[in-house]
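Let the hints inform the model, and build the full structure from the sequences given.
Protein chains in written order, with this note's numbering: chain A, 1 to 203; chain B, 1001 to 1082.
I should point out that these hints are in silico values taken from the structure, not numbers from a laboratory.
One or more hints might be untrue.
Said to hold, decoys possible - Per the computed footprint, the stretches of chain A lying under chain B, defined by three or more beta-carbons under 8 Å from a beta-carbon of chain B, are:
{"no.": "1", "stretch": "113–124"}
{"no.": "2", "stretch": "131–144"}
{"no.": "3", "stretch": "181–187"}
Every residue gets a Cβ at the ideal spot worked out from N, C-alpha and C, and that includes glycine.
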Amino acid sequence: MIEDNNLYSPEFINRLKSGNREAFTQLVEETSSKIYNLALRMLEKEQDAEDVLQETYIKALRNISSFEGRSSVLTWLYRIATNEALMIMRKHKTSGTVVDIDQDDDEDGEGLQIVDWCCLPESEMMSKETQIKLQEAANLLSPLLKAVFLLRDVERLSGQETALILGINEDAVKTRLVRARLKLRERLTGYFSERIKMEVANE
Amino acid sequence: MSDQQHCKDYLTQISDFIDGDLHPQLCAQLEEHLQNCENCTIVVNTMKRTIELYRVSTEPQEIPQDVRARLFKCLYLDDFRK
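Set out below in C-alpha cells:
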C-alpha cells in the first residue's frame, strides 16, 4: 500500500498521532521554515526565534496524540508558536525594554494623516531606510496587534484561522487588523511626509 | 476631510474592501463614496501600499543550517533525517 504522505491527509495525521518518528520528522522538515520565519518576524532576535522554534516542536511532539484535527496541523503549530512568541514579547515589554505596553484596546487619538505618498519613486519606497522604518513601526505595535498583522497580512491566513490561533473571535481579529494597518500606515505616512518636504525644500 | 466622522466610519470597511471581503452592498456604497472623497481614496491606496511594502521588507529566510541541526537534535530526530 502506498502511504499518503500529504501533511493534511488523515493517514499522515494518524501516523503522527501514533508516535511515528518518520512522520514527525517529515512534519518538521516541511513546516519548520514557516514557523522559524513567523517567530523571527514576531521577535526580531534570531536567538528568540530559535527558542520559539524548538519549544514549538517539543510541545507538538509531547501533545500530538491529543491533536483533535479541528484545524490543520500547520495551523496547530502556528498556534503553539504564536503563543510562545507572545509570551516572550510580553516578558520583554514588561521588563521595560519597549515603551508600548500590551494595550490592545487603546483607541489612540491618532488622527489620520492624509498625504498621497504613492507618487514617490519606487526606489524611495523600496529603500533600505524605508524597510527599517517599517520594521520599527511594526515593532511598536502591541504583541497582539503585531501577531494579527503578521498572521493575516504576511502569512496570509484567513480571519478564521487567525482567530483560532489567537483564541479570539473573528470580529476581534478584524478590528485589530484595522488598528494594526492604520498604525503602520500612519507611521509610514509620517516618514514619507518628511521625505516629500525635504525633496520640495531641495528643489 | 469634508466630514471626518463620516469618513472615520468607513475605516473598518476600507480594511475589508482591501481584502475583498466587503459585503457587495457596502462595497458599492464605499466605491461611490471613494469617487467623491479624495482623502478616503488616499487612505485606501496608502494602506494597500503599506501592506505591500511590509511584505517586501520581510522576505522569508532559510533556516540556518546550525539552527536546523540543533532543532533535530533537541527532538532526538537526528537519525530520521533524510
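Annotated coverage of the stretch 131–144 of chain A by chain B, confirmed only when three residues or more have a Cβ within 8 Å: holds (count 4)
Can you tell me if the stretch 181–187 of chain A counts as covered by chain B, using C-beta to C-beta distances under 8 Å and a minimum of three residues? Contact hint for the stretch 181–187 of chain A vs chain B: holds, 4 residues under 8 Å.
Tell me whether the statement that chain B covers the stretch 113–124 of chain A is true, taking a Cβ distance below 8 Å and needing three residues at minimum. Since 5 is at least three, the answer is holds.
Every hint from the earlier list agrees with this structure, and none is contradicted.
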